[in-house]
Amino acid sequence: MRFAHRPEYGAPMSEPLLQAVNLQCERDKRILFRELSFSILPGTVTRVEGPNGSGKTTLLRILAGLNDAWTGELKWCGSPIDSQREVFLRNMLYLGHRPGIKPLLTPLENLRALMAGRRPVSDKALSQALQGTGLAGFENVPCRNLSAGQQRRVALARLLIADEPLWLLDEVFTAIDSDGVKALEALLQQRAAEGGAVLVTTHHDLVLPGMHKLILGAGGLLYEH
Amino acid sequence: MNTEARPEARLASGSVGALAAMKAVFARDMKVAFRQRQDLLNPLLFFIMVVTLFPLGVSPEVSFLREAGAGILWVAALLSVLLSLDHLFRHDFDDGTLEQLVLQPQPLFLLILAKTLAHWMLTGLPLVLLTPVLGVMVHLDGNSIAVLCLTLLIGTPVLSLIGAIGAALTLGLRSAGVLLSLLIIPLYIPVLIFGTGTVAAAAEGAAVGAYVALMGAFLMLALTLAPFAAAAALKISLSNG
Chain A
1 MRFAHRPEYG
11 APMSEPLLQA
21 VNLQCERDKR
31 ILFRELSFSI
41 LPGTVTRVEG
51 PNGSGKTTLL
61 RILAGLNDAW
71 TGELKWCGSP
81 IDSQREVFLR
91 NMLYLGHRPG
101 IKPLLTPLEN
111 LRALMAGRRP
121 VSDKALSQAL
131 QGTGLAGFEN
141 VPCRNLSAGQ
151 QRRVALARLL
161 IADEPLWLLD
171 EVFTAIDSDG
181 VKALEALLQQ
191 RAAEGGAVLV
201 TTHHDLVLPG
211 MHKLILGAGG
221 LLYEH
Chain B
226 MNTEARPEAR
236 LASGSVGALA
246 AMKAVFARDM
256 KVAFRQRQDL
266 LNPLLFFIMV
276 VTLFPLGVSP
286 EVSFLREAGA
296 GILWVAALLS
306 VLLSLDHLFR
316 HDFDDGTLEQ
326 LVLQPQPLFL
336 LILAKTLAHW
346 MLTGLPLVLL
356 TPVLGVMVHL
366 DGNSIAVLCL
376 TLLIGTPVLS
386 LIGAIGAALT
396 LGLRSAGVLL
406 SLLIIPLYIP
416 VLIFGTGTVA
426 AAAEGAAVGA
436 YVALMGAFLM
446 LALTLAPFAA
456 AAALKISLSN
466 G
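So the protein sequences, as listed, match chains A and B. Under the working numbering, the first sequence has 13 at position 13, and the numbering climbs by one with no breaks. Numbering-wise, the working numbering comes out as the position in the second sequence, counting from 1, plus 225.
Simulated from the structure, these hints should not be mistaken for laboratory data. Warning: the hint list may mix true and false statements.
[What the hints assert, rightly or not] Covered stretches of chain B (in silico footprint by chain A; criterion: 3 or more residues with CB under 8 Å from a CB of chain A, positions within the stretch not fixed):
(1) 232-246
(2) 318-324
(3) 373-385
(4) 388-402
[Said to hold, decoys possible] So these bits of chain B aren't anywhere near chain A, every CB distance computed over 10 Å:
(5) 250
(6) 304
(7) 329
(8) 331
(9) 336
(10) 353
(11) 444
Glycine is no exception: its CB is placed at the ideal position from the N, C-alpha and C atoms.
Using the sequences and the hints given, assemble the complete structure.
The structure is reproduced here in structure tokens:
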């Protein structure tokens, strides 16, 4: 099975990558969202919006398969995710609050370990990705000696070499300086142009041309026994 | 950010093989451990201290030590593995690498098996290597020491594997230590009984083949079942985190 769709940016695609049907999630006896249905098309950036505690992170974790406390249906390329977990995981990249960076390892070692389970990448490409995120000269410094923003940048370097069509990015703009934010915005837009789909949560004022919005938390309903 | 030479967004069907991914997980855990050597020494020092304190605290008599020595070493090894268990997933959980591990396309139980193997190489195996020295200290004879080493060599991986289930289950809890011990100790008891029983049988000159075979069966059982249980437990813990 191998499709190679690279649609024009903004061009309507008939086949959604990810579909959620009637998602409902309950946390601490409170319904975070119910009857939530949406489709993620290739070539789009979607911003998940909502106040603190409205379930943005939970939604992304549910989509990634890290949270099981939900009901409804999730489909990947038209068929249920459960039946093709491995294919889905290979095609999805998730970056969470915790960047997945080992403080004792260097950026290069961290990036190598993170890519090792996905696809073989040469050390040269890894270094280039690190340089691309402004970490030139820090490749061999243990990450615990780097600043919070630099550590986030190590995780973001993955985006420069990621071939996964679906990106789920949770608060990726945290601790990134203004130049970095601009570059990241450009990268997300470029990703959509390349045919990738991006779902992003952020409190930063992200506005991209053609960006979709998913609004959560129109008053979380109190769960009643 | 420099965005030249970008990979295109396409659906991929193949990914890195499970064996290569396991190697990478194993290599990373070893590398992290050797960057933090004092953590490696803790279980070893604990092992040595418990074994050396027994003659001082109870009795330095040769007859007593010869009889109790194997048991003391086994209990000390068991406790020092237990002490190191909390580290198995805790750091990975805190820095987010565990999430990324769960999201790798390879079967999770294999990746956990690789992590557990690394844990055993860093805690169980050094204990086995130290055993001959401490065995001489508690006046065990050569044959008993050899059998003791063999039982620990088979038994400590079982301790790591069973421990991985407990460590995964208690990951989301704030005070995991006590609960982890309560969960795991009952499962360790059969291993302890057969481990010390084998050495006792050897000291009396009996054949130990059957005992060793039973311990081997424990190891096979743990190898085949524990990674699945630990993988399921990890998913539950992450789902609540």
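Going down the list of hints, with the structure as the test:
1. With a cut-off of 8 Å between beta carbons, the region 232-246 of chain B has 12 residues touching chain A; three or more are needed, and the interface restraint holds.
2. Here's how the region 318-324 of chain B fares: 5 of its residues keep a CB closer than 8 Å to some CB of chain A, so the rule of at least three is met and the hint holds.
3. Figure legend: the region 373-385 of chain B, annotated as covered by chain A; annotation inconsistent (0 residues with Cβ-Cβ distances under 8 Å, at least 3 required).
4. Check result for the region 388-402 of chain B against chain A: violated, 0 residues qualifying (beta carbon to beta carbon below 8 Å, three or more required).
5. Not every C-beta of chain A lies more than 10 Å from that of residue 250(B), the closest at about 8 Å, which undercuts listing it as non-interface.
6. In this structure residue 304(B) is separated from chain A by more than 10 Å, as the shortest Cβ-Cβ distance comes to about 26 Å.
7. Remark: the non-interface label on residue 329(B) conflicts with the geometry, its nearest Cβ contact in chain A lying 4 Å away (cut-off 10 Å).
8. Consistency note on residue 331(B): stated as away from chain A, yet its beta-carbon is not over 10 Å from all of that chain's, at 6 Å minimum.
9. Listed as outside the interface, residue 336(B) is inconsistent with that label: its C-beta sits roughly 8 Å from the nearest C-beta of chain A, within the 10 Å cut-off.
10. Residue-level check passed: residue 353(B) sits 26 Å from the nearest beta carbon of chain A, beyond 10 Å.
11. Every CB of chain A lies more than 10 Å from the CB of residue 444(B), the least distance being 27 Å, so the non-interface label holds.
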